[in-house]
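For reference, the chains in residue letters:
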Amino acid sequence: MTESSLFTAAFALYVAALIVYFAALFARREKWDRAGLILAVIGLCFHTAALALRTGSSGHAPFTNMYESLSFLSWAIVVALIIFGRKPRAARLGPYLMLIVVALVALASSPLMPKGAAPLVPALQSYWLWLHVSVTLLGEAFFAVAFVASILYLAAGTDEKRERLDALAYRAVAVGFPLFTLGGLIFGMVWAYRAWGRYWAWDPKEVWSLITWFVFALYLHTRIVMGWKGKRSAIVAIVGFLAALFTYFGVNYLLAGLHSYT
Amino acid sequence: MRPFMRFFSSVKLAIVLLILITLASILGTLIPQGRGAAEYAARYGSLSGFFSALQLTRLYQSPWYLGLLLLFALNIAVCSVIRIGAKWRKAFGPAEAADAPGLMASKVRSRFRLALPLAAAGDRVAAILRGRRYRVSRSASGASVVLLARKKRLGGLGSDVVHLGLLVILAGGFTSGLTGRRSDLAMREGETVDVPRAGFSLRLDKFDTEYYPQGGVKDWKSTVSVIENGAPVLTRVVEVNHPLVHRGVSFYQSSYGYDWTSPRLGLEVRKPADASFSRSVVLRPGERAEVGDPDVSRISVRGFVPDFILGEGNKVQTRSQEPRNPAALVEAWKGEERVFSGWVFAKYPDFGQGHGGQGPSPLTIVLKTYEAAQYSVLEAARDPGANIIWLGSLLLMAGLFLAFYWPSREIRVVLEEAQGRVEVTAAGRAAKSREAFQAEFDRIFDEARRPS
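Residue numbers (the working numbering), protein chains in the order written: chain A, 3 to 264; chain B, 1454 to 1905.
Hint data in this document are derived by calculation from the structure and do not stem from the laboratory.
This structure is a prediction, so every number in the text was calculated from the model and none was measured.
All residues carry an ideal CB built from backbone N, CA and C; glycine is no exception.
Treat the hints with care, as some may be off.
Claimed, not checked - Here are the computed distance ranges between Cβ atoms for each label pair:
1) B:Gly1538 - A:Trp34: 53 to 59 Å
2) A:Glu162 - B:Ala1539: 32 to 38 Å
3) A:Cys47 - B:Tyr1858: 25 to 31 Å
4) A:Leu114 - B:Ala1539: 54 to 60 Å
5) A:Trp34 - B:Ile1537: 48 to 54 Å
Looking at chain A on its own, in the form it has when it is part of the complex (with noise of 0.2 Å):
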């Protein structure tokens, strides 16, 4: 199979998984959800695939301009659907984040996302472009688990789903924000000190990176320090998500910078 029919396939996958899980929801069936799981983890597989063979025909990292790292997003946020969602009485974030992943699939497959895979300029020829952006990425995958469960706790009718959804949404950021530093800030210093001679240029994207670091470690002091629970830090989680999605997708479009690969 190529590499197009294979994301094709996971895309189906996700579609299939997506309508499985909002069945599960309204048709109050929770053992549904277990089809939906599946259904995800069989388009995992293809869609490692279709990375895998990707990567092996470019010869590169697959993350080198907007259509492979969206679909790298969407996968790592699968994985940490999986890594979620698998434990029986876990809070329902399947279907929500599910659709997250169907949005951006969707993204990556239209025609607005070049699919051509560019030879790669000479500062992106480095192991650090697998290092640095696979684990920010990752990172940024749990802060979106982190956003969904936030959403639902929001939206959420009864106490005990809320402590449920409050304390999910900080076991996320409690994997998302390690990964996130050392991908994104230090992986990214360190590449930025080989290629570039400097470790940090306050670039649109660095910058954007220090804000959504800064609005995560606001999240954990209101919560640690000051006991803000639910609300307040549901909203903070919220805002460094979008920080996070800004990070990763504003600044290639709106701010120009040494990062702009699109």
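Position chain B relative to chain A; hints supplied.
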């Protein structure tokens, strides 16, 4: 506590500073940084003066932004210093006094009796705790024994390690800003330049641009030799992502270009009237060559530009340093009579043919080749802050790991002799994953309670 310390030890101050730094940083990404005054005037009109007065156009180097960062650093330092003593004692210090009623107030607790002598009961509980990898310290007073069992003790200090890492990173940043030096070294092939303040020189042996088959630059490679006391001591290829580091100075492939002051130009002279006539000469600007033909005795090049454009007042200029529209100003003479004069274009051979002394020239001159020496620009950087940054990053990650994934656990046990038996009261506390801790706690005291 003095007011100064009280002010800087407040976590609320930290949160206010975080928010202020975040907002300021956002502002700095919305206003392009470090551009010329004219660009700001065009972009923001009357606001531009206001922006530059507030240093919003060089925000990240401005005293007020750096001042916020310094305040933040001071805040983190004071917060950490004030709290570290108590935290350290809690993790590593000796056991504090504990009494059974106090322990019973804890959420995670257990109480039972053992039919053993006091010392033996203490040994038994301590052994089980050690079996679960707790470090146990024991104190006895009269008819009671107190055990303090702790594990993953560093976990409690995780946030302090994170904060120390942040302080080290900030210190590294300020060190870079104050003591870092960088300069561009432009070298033609074969040229040697002194590295500023380094005590050695660098020679560019070779410069190559590699292209992909589809076009597009694959790599820039500068082969350079380090020259010390007049002798080469090492030769290395510097390319993007592969800097050369020598005696604390790093050299990065930063830019490249052509030296158009003295290109080798290949010219072909033809006569429209005589199709069989063709002479080629190779000249540099300012040189002339004898052709030795009855109609054209010599030819000279008066000037060259790589990217020809007519500027103001029809003055010839070059638009860039790339050979996009190479053009040479050529003259040809027949004895003392000028028979050709004008610009010839490599990419447009039929355009702009020169004039003779009177009327059109009897010659056609074509610019066939143009070769210039390439030069490579290496950035020489000495940045003593970088290693401090890596140290801070290491601390930051170690601290995050400790804070999130190395949760400290503490169990206190009071054993009291009562009516020939021993009353055991235990209470526990975990920094995180309390469910898992509760399970461990229950297993420990189920085992202790079971008759052996």
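Results of checking the hints against the structure:
Distance hint check: the CB atoms of Gly1538 (chain B) and Trp34 (chain A) are about 55 Å apart, consistent with the given range 53 to 59 Å. Under the hint 32 to 38 Å, the C-beta atoms of Glu162 (chain A) and Ala1539 (chain B), about 36 Å apart, fit the expected range. Here the CB-CB span from Cys47 (chain A) to Tyr1858 (chain B) is close to 29 Å, well matched to the stated 25 to 31 Å. A beta carbon spacing of about 56 Å between Leu114 (chain A) and Ala1539 (chain B) agrees with the range 54 to 60 Å that was offered as a hint.
About 52 Å separates the C-beta atoms of Trp34 (chain A) and Ile1537 (chain B), a value consistent with the hinted range of 48 to 54 Å.
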